[in-house]
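Visitor: We have chain A; now place chain B onto it with these hints.
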Amino acid sequence: MFDTLKNKLTDVFDGLARRGALSESDVDAALSEVRLALLDADVALPAVKSFINKVREKAVGVANMRSVRPDQQVIKIVHDALVDMLGGDAAPLNLGTNPPSVILMAGLQGSGKTTTAGKLALRLRKRDRKKVMLASLDVTRPAAREQLRLLGEQAEVGVLKEVDGESPAQIAKRALQAAKLQAYDVLILDTAGRLSIDEALMAELREIKKLTNPHEILLVADSMTGQDAVLTAEAFHKAVGVTGIALTRLDGDARGGAALSMRHVTGCAIKLAGVGEKQGALEDFDPARLAGRIMDMGDVVALVEKAAETIEVEEAERLAKRMAKGQFDMNDFLSQIRQLQKMGGLGGIMGMLPGIGKMQKQIAAAGIDDSMIKRQEAIILSMTKKERISVGLLNASRRKRIALGSGSSVQEVNRLVKQYQDMARMMKKLGSKTGAAAMKAMLGGAGMGGATGAMGGAGGMPGLGALSSSFGGNLGKSMGGGLAKGIGSSLTNGLPGLGGKLSGKKK
Amino acid sequence: MNWFKKLKDGLSKSSKKVSGSLASLPSIPALIGKSKLDAASLEEVEDALIAADLGTASSTRLAAALKAHKFDGLVDANSIALALAAGLQTILEPVAKPLEIRSENRPHVVLLVGVNGSGKTTTAGKLAQIWQGQGKKVLLAAGDTFRAAAVEQLQIWGQRTGTNVIADATGGDAAALAYRALAQAIEENADVLIIDTAGRLQNRSELMDELAKIIRVIRKLDKSAPHDSVIVLDGTVGQNALSQVKAFLAVADVSGLIVTKLDGSAKGGVVVALAEEFGLPVHAVGVGEGADDLQPFAADEFAKALAGVSAS
Numbered sequence: 022m023f024d025t026l027k028n029k030l031t032d033v034f035d036g037l038a039r040r041g042a043l044s045e046s047d048v049d050a051a052l053s054e055v056r057l058a059l060l061d062a063d064v065a066l067p068a069v070k071s072f073i074n075k076v077r078e079k080a081v082g083v084a085n086m087r088s089v090r091p092d093q094q095v096i097k098i099v100h101d102a103l104v105d106m107l108g109g110d111a112a113p114l115n116l117g118t119n120p121p122s123v124i125l126m127a128g129l130q131g132s133g134k135t136t137t138a139g140k141l142a143l144r145l146r147k148r149d150r151k152k153v154m155l156a157s158l159d160v161t162r163p164a165a166r167e168q169l170r171l172l173g174e175q176a177e178v179g180v181l182k183e184v185d186g187e188s189p190a191q192i193a194k195r196a197l198q199a200a201k202l203q204a205y206d207v208l209i210l211d212t213a214g215r216l217s218i219d220e221a222l223m224a225e226l227r228e229i230k231k232l233t234n235p236h237e238i239l240l241v242a243d244s245m246t247g248q249d250a251v252l253t254a255e256a257f258h259k260a261v262g263v264t265g266i267a268l269t270r271l272d273g274d275a276r277g278g279a280a281l282s283m284r285h286v287t288g289c290a291i292k293l294a295g296v297g298e299k300q301g302a303l304e305d306f307d308p309a310r311l312a313g314r315i316m317d318m319g320d321v322v323a324l325v326e327k328a329a330e331t332i333e334v335e336e337a338e339r340l341a342k343r344m345a346k347g348q349f350d351m352n353d354f355l356s357q358i359r360q361l362q363k364m365g366g367l368g369g370i371m372g373m374l375p376g377i378g379k380m381q382k383q384i385a386a387a388g389i390d391d392s393m394i395k396r397q398e399a400i401i402l403s404m405t406k407k408e409r410i411s412v413g414l415l416n417a418s419r420r421k422r423i424a425l426g427s428g429s430s431v432q433e434v435n436r437l438v439k440q441y442q443d444m445a446r447m448m449k450k451l452g453s454k455t456g457a458a459a460m461k462a463m464l465g466g467a468g469m470g471g472a473t474g475a476m477g478g479a480g481g482m483p484g485l486g487a488l489s490s491s492f493g494g495n496l497g498k499s500m501g502g503g504l505a506k507g508i509g510s511s512l513t514n515g516l517p518g519l520g521g522k523l524s525g526k527k528k
Numbered sequence: 007m008n009w010f011k012k013l014k015d016g017l018s019k020s021s022k023k024v025s026g027s028l029a030s031l032p033s034i035p036a037l038i039g040k041s042k043l044d045a046a047s048l049e050e051v052e053d054a055l056i057a058a059d060l061g062t063a064s065s066t067r068l069a070a071a072l073k074a075h076k077f078d079g080l081v082d083a084n085s086i087a088l089a090l091a092a093g094l095q096t097i098l099e100p101v102a103k104p105l106e107i108r109s110e111n112r113p114h115v116v117l118l119v120g121v122n123g124s125g126k127t128t129t130a131g132k133l134a135q136i137w138q139g140q141g142k143k144v145l146l147a148a149g150d151t152f153r154a155a156a157v158e159q160l161q162i163w164g165q166r167t168g169t170n171v172i173a174d175a176t177g178g179d180a181a182a183l184a185y186r187a188l189a190q191a192i193e194e195n196a197d198v199l200i201i202d203t204a205g206r207l208q209n210r211s212e213l214m215d216e217l218a219k220i221i222r223v224i225r226k227l228d229k230s231a232p233h234d235s236v237i238v239l240d241g242t243v244g245q246n247a248l249s250q251v252k253a254f255l256a257v258a259d260v261s262g263l264i265v266t267k268l269d270g271s272a273k274g275g276v277v278v279a280l281a282e283e284f285g286l287p288v289h290a291v292g293v294g295e296g297a298d299d300l301q302p303f304a305a306d307e308f309a310k311a312l313a314g315v316s317a318s
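The listed protein sequences correspond, in order, to chains A and B. Our numbering puts the first residue of the first sequence at 22, with every later residue one more than the last. Our numbering puts the first residue of the second sequence at 7, with every later residue one more than the last.
The following block holds chain A by itself, in its conformation from the complex (with noise of 0.2 Å):
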């Protein structure tokens, strides 16, 4: 639905490539993109407006490097920022010295206070070994004290005994007492759910509050909110002082940008990630994969980083110059091989795009791992120099003869054949543009071209993407149908534009 970030950035800084310092005028119009991302991403316009004043006046200025593009080097910085003001620090719970210490779960209706008080309940017991009771506050929602001491019950912890007609604050006063009386270490109390503008719900939280002198009050959010996260933040943090924000259903594919927006206005770090539907389903919160997901870009700042580390600039600028030619034969190849194997391999790289981590153990089945590159190395290996410069030497014996050498079969050294010939007509294609158009075709182009497609431009190193790109056609077919529309919509939700083309179809 939205085209990444990254690509946009990519569209601002064509012919921007290897130009020295970035200029103010670059600057906001890679910040233009980014804002608009971050407003995509729901980051309410407060905190986008903050964010975009932080970050220009770090990008202003910042020498070009030699290996790493503008556009990659402003994701970076971008990066940096969200995951600086998601809150680079881990914050814990705070349970204090003297048991029992309260916690009191807030927010709006749905936003998920009782799963999330169940889930805190089991962590605690087990993780941390304390002795948990639950309490529900909720007299207004049907059935949601039963649902908590269900929760309760699962998790094997101390659940308050209901008791009909009293109020959430003379509950919360009994809670207290039979905690501190049966030596609870942690008491949770989970309330209902109410608008942020509801004076008189408020007024009650605040009561209770009072009554209990809670350790941490969490503000429970959903992770799809829009850009009320700011006012509905606002709201509980003025009425009873939030100490964190719990993070709930950050397993759906909706990029998150509330936390950003309620960091913005409570400064409360954020404590607590609900990640899926089990009761042991609940993290500490990762400021740097929610940067990622915010930014629609996956990993890529680690592949920047990799990239710029592992690549030679000397040999990626030699065979940019033999690809503006549109030269490119077995030695090139093997080279790109090379590179590949150096990031990590295909595994590495793909351990770094968020939703394809998950699916290697398919990737794997299907054949497609880095044994199978390690298996090309040696089919070029088996070459000889004539060889690997003219291809149209390989007749049927010099072919078995490979085979043999290589250890594989001439099934094997075909498929390498053919697919280098395609990879050296695409070259041949991409020589008689230049530049930037030539980057452009390549990140359109079939296959895993789009993700590790930019790597070769971070890198300098164009052809990556092309190299990739024959090995996610292979991926594509060989992974069928069935598979990629599974993956498909995890795919998509990191990575759109990816999912569509593993499963093989044309953009």
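Hints are not guaranteed to be accurate.
As the list claims (entries may be wrong) - Calculated pairs, DSS-like style, for lysine-lysine (alpha carbon to alpha carbon, straight line, at most 25 Å):
no., chain 1, residue 1, chain 2, residue 2
1, A, Lys299, B, Lys219
2, A, Lys70, A, Lys151
3, A, Lys342, A, Lys450
4, A, Lys342, A, Lys407
5, A, Lys406, A, Lys439
6, B, Lys73, A, Lys70
Claimed, not checked - Derived Cβ-Cβ restraints for the label pairs, each shown as a range:
no., chain 1, residue 1, chain 2, residue 2, range
7, A, Gly288, B, Asn195, 58 to 66 Å
8, B, Ala71, A, Glu174, 31 to 39 Å
9, A, Ser53, B, Gly285, 47 to 55 Å
10, A, Ser46, B, Ala71, 22 to 30 Å
11, A, Lys152, B, Gly285, 39 to 47 Å
Bear in mind the hints are in silico, worked out from the structure with no lab data behind them. No residue lacks a Cβ here, since even glycine has one placed at the ideal position from N, Cα and C.
Guide: Below, chain B without anything else, positioned relative to chain A:
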């Protein structure tokens, strides 16, 4: 009209924000006496729309349309709001269609789908109450067999409204339950069967497959069922609503939407983006916790409330 007041009451706190921000556009004083908006104020209008969750694309389009708008007389906050409301109404008018029970369907099957916490069970209860009140014979099917106490929650709504609730214990098979409920509704010659389902995130393909199964199974009894497949959307949700509708449309043939929780500070502007993207009917909006707080969607009033037209 009753629901406008409700929505207004709810939205007024929030429409104060839009109208407030329109009234407080720094560029307004400079515009007085002019008949068109300048670039700076257009950008401010666009920002106000974005802050109402309309999304960047719809906001940009609406602001651009405003650029061409020629104002009669002086430009002020209310005249901008009126012009904006007119633009919004044009988008929303075609999608404002109430949920109607067609008596030729025996029973008329309404399937409620959506992500977790969007308000499906509450909406099921409210719908039951409304149709019971109209003298219809209504059955509720507690198809959320996953969430703890979801069945109990619907049963309480059943008691409140005097509606028979068909339910299994939590953990049962939702498709089997839906089948049984429809069989019973046919046998009892009910007017309406409302099937509540478990909340599911749209990217969880195994859960979406379950939903597809529910539909497949009830179609064995009635090929035309469900007659309304309604996605329940949380009004506080942002642009992810687009992804939700798209996914549920593909799996559950969504025929319309109900937007809940519009009595808070969220304005539900994503409805506009949805109308532009999918053109699906918006049946009703939820503006409170009571059964009578589920109100038919009226385009003009929603548009006015969203744009912050000050006259009521």
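Visitor: Take the hints in turn and mark each one as holding or not.
Guide: Hint-by-hint comparison with the structure:
1. A/Lys299 - B/Lys219: Judged against 25 Å, a Cα distance of about 22 Å means the pair holds.
2. A/Lys70 - A/Lys151: Violated - the C-alpha atoms of lysine 151 of chain A and lysine 70 of chain A are around 42 Å apart, more than 25 Å.
3. A/Lys342 - A/Lys450: Holds: lysine 342 of chain A and lysine 450 of chain A sit about 14 Å apart, inside 25 Å.
4. A/Lys342 - A/Lys407: Satisfied, since the Cα-Cα distance of roughly 21 Å is no more than 25 Å.
5. A/Lys406 - A/Lys439: holds (19 Å)
6. B/Lys73 - A/Lys70: Given pair lysine 73 of chain B, lysine 70 of chain A holds - Cα atoms ~24 Å apart, limit 25 Å.
7. A/Gly288 - B/Asn195: 58 to 66 Å: The hinted range 58 to 66 Å holds for glycine 288 of chain A and asparagine 195 of chain B, with Cβ atoms some 60 Å apart.
8. B/Ala71 - A/Glu174: 31 to 39 Å: violated (56 Å)
9. A/Ser53 - B/Gly285: 47 to 55 Å: violated (30 Å)
10. A/Ser46 - B/Ala71: 22 to 30 Å: holds (29 Å)
11. A/Lys152 - B/Gly285: 39 to 47 Å: Violated, at about 55 Å.
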